[in-house]
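Asks: Residue numbers (this note's numbering), protein chains in the order written: chain V, 384 to 702; chain Y, 512 to 806.
Keep in mind that the hints were calculated from the coordinates and are not lab data. Worth double-checking, as some hints may not be accurate.
To be verified - Computed list of lysine-lysine pairs in DSSO-like fashion (alpha-carbon distance at most 30 Å, straight line):
#1 K749(Y) to K584(Y)
#2 K443(V) to K453(V)
#3 K453(V) to K749(Y)
#4 K529(V) to K584(Y)
#5 K529(V) to K749(Y)
Everything numeric in this text was worked out from a predicted model, so none of it was measured.
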Amino acid sequence: MTTATGRAEPSRTSPRGEPGALRAMWQHRVDYAYVLPSIVVMLIVIAYPIYYTIDLSFYKTPPSLQLRDKIFVGMENYTAILSSDVFWRVTWNTVVWTFGSTVFSFMLGFGAALALHRDFFGRGVMRAILIIPWVISAVAASYIWKWIYHSDFGVIGAVLVGLGITSRPPNFIDNVDTVLPALIVVNIWREFPFAMIMMMAGLQTVPDQLLRAAKVDGANAWQRFWHVTFPHLSSVSTVTVLLLAVSNFNSFIIPWIMTGGGPSNASHIWITHIYELAFGRQRWGVASAYSVLLFLILMALGYFYVRALGGNESKDRGT
Amino acid sequence: MSIAGERPVIPRRSRRQVDGWRWAGRIFLVLMLLYTAAPMAWMLLTSIKSGFAAMQMPPQWWPEEPTLASYAKLLDPQNSVGADFLRFFWNSLFVSTMTTILAVIVAVPAAYAFSRFSFPGRKFLFFAVLLRNMFPAVIFLVPLFILMRVLGLVNTHGSLILTYLTFGLPLAIWLLKGFYDNIPIQLEQAARIDGATRFQAFLLIVMPLSVPGIIATAIYSFIAAWNEYIYAYTFLSKNDQLTLPVGIQRFFSENTTDFPGLMAASFLMSVPVVVLFLVLQRYFVRALTEGAVKH
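Extracted from the complex, chain V is given alone in its bound form:
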């Protein structure tokens, strides 16, 4: 790889001590110009909102967005959240949702990538079809599945009745026990193609010679997979799982459109709950405190995220 930071201008980089830092920044002032547009936009739209959210989380707020009459309450919003039952219910749902969606999306995507790795007639078409759910809007996907799950005229219910498994079409969406798994199925439908794409690209980096050598040495298909292919894919797998986990943790559209968090909070996850607190019940202070807690969790996740991605980058430099 030819990234080779600084090779473009080796004379300009001075790896000397502290006083050199400012000078280095000055010497590189032109380079910042390339990044400046992104930084300015992101400062306005990202840094300010983060500051604002943290600030607001310490206040009791009036329901209008005219937030001048807020009252400072210290940590009260946080203690209220942590002692509420809904919080723990929603947290558990989020864990189930994130874990279930990520694990199954990854496994199905990886399986599909393996099955599609070998060339066969119609492979390209099949790959394209499998990726389509990932491209279409989550809103459209939610409506399609809502119709499929429909309690009276849903096609799944019809199939189950037709096969004689149940006498009446089951109502997946309005049942506290089945609603979350039903939504996870929809989410996996949209997410597994992403894992598939990533793992397909990863599979192409596995050297064929190694596989053939293993075969000559008498390794069977499973051993070749487990001892040659899989170790090669560890970094791609890490990145894929992390990206999936983050995006599942942050999902909103599917639960929001399909159930709005109901019935009785059974399908509320953190993001939908925060949204409802803020824009449904206008409890801006509590919603902000929730967001700050979310920040903290994401920061912990982010540590692994950056390490996985950053590790990839430094390895890339080394070669």
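Got chain V; can you put chain Y on it based on the hints?
Replies: This is chain Y only, laid out in the frame that chain V set:
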């Protein structure tokens, strides 16, 4: 890594033995295909039924009287439903296109800088870019809403374009950086020895080579903006400003039983992005993997 993106051709392994694993793979693929395609097929089948035919139990597996009435209604500018739908469609197209153009303009120099230069703070900046990818929209909603009001952008498409631009940028920069990393730096060095300035080398040597990356980034931005829901749902309240996802939701929360219409609308909403993806899928898939899979 080759620039043009040909991956090493994998020689076909012998097809002598069709072993158990291969059969397992085939069965698995068929099941996945069913899982993926059946909902889409059911959407299409429902969309060509009449409202009455859709609401039957057991369902009509194949519509007895196929009709394009739902599509005709949605695409007819004379009809109030059609007029709304076409306006939402146009709004989505405008917002997505503007976002895409701006994202490319801003991301190209940034990605190039991240790939080539070593300025203090470079690493920190790049991680800031990556980290942004992690924070959910909902955290930014309230402050952004207030910010948009200060800027006078509430209920304008400008608010959406600015927001999508920001949230699309980290990934766009990341994707493009992967492409720039793969363009040999020697090409630029040669150009500079021949007397080109760094900017000329960038414009005349690197830019043409990075066209596939730019296309990929553009498709990605477009699809993300086209499908975005939560900001559009929060920032826009005037009916004539809505983008498709929100417009459809608002419309069908009033007409809850018109499932053929809803399915037809879902289909029409998916057409542009699916077509775009199918035509350009090579770039698209490559861009996504370029950043994460290095070889």
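Asks: Decide, hint by hint, whether the structure agrees.
Replies: Status of the hints after comparison with the structure:
For the given pair, K749(Y) sits about 22 Å from K584(Y) by alpha-carbon distance, which is consistent with the 30 Å threshold. For a cut-off of 30 Å, the pair hint linking K443(V) to K453(V) stands: about 6 Å separates their Cα positions. Restraint check for K453(V) and K749(Y): satisfied, since their Cα atoms lie roughly 29 Å apart, inside the 30 Å limit. For the proposed pair K529(V) and K584(Y), the alpha carbon gap of about 22 Å is at most 30 Å, so the pair holds.
Of the pairs offered as hints, the one joining K529(V) and K749(Y) holds, with about 27 Å between alpha carbons and a cut-off of 30 Å not exceeded.
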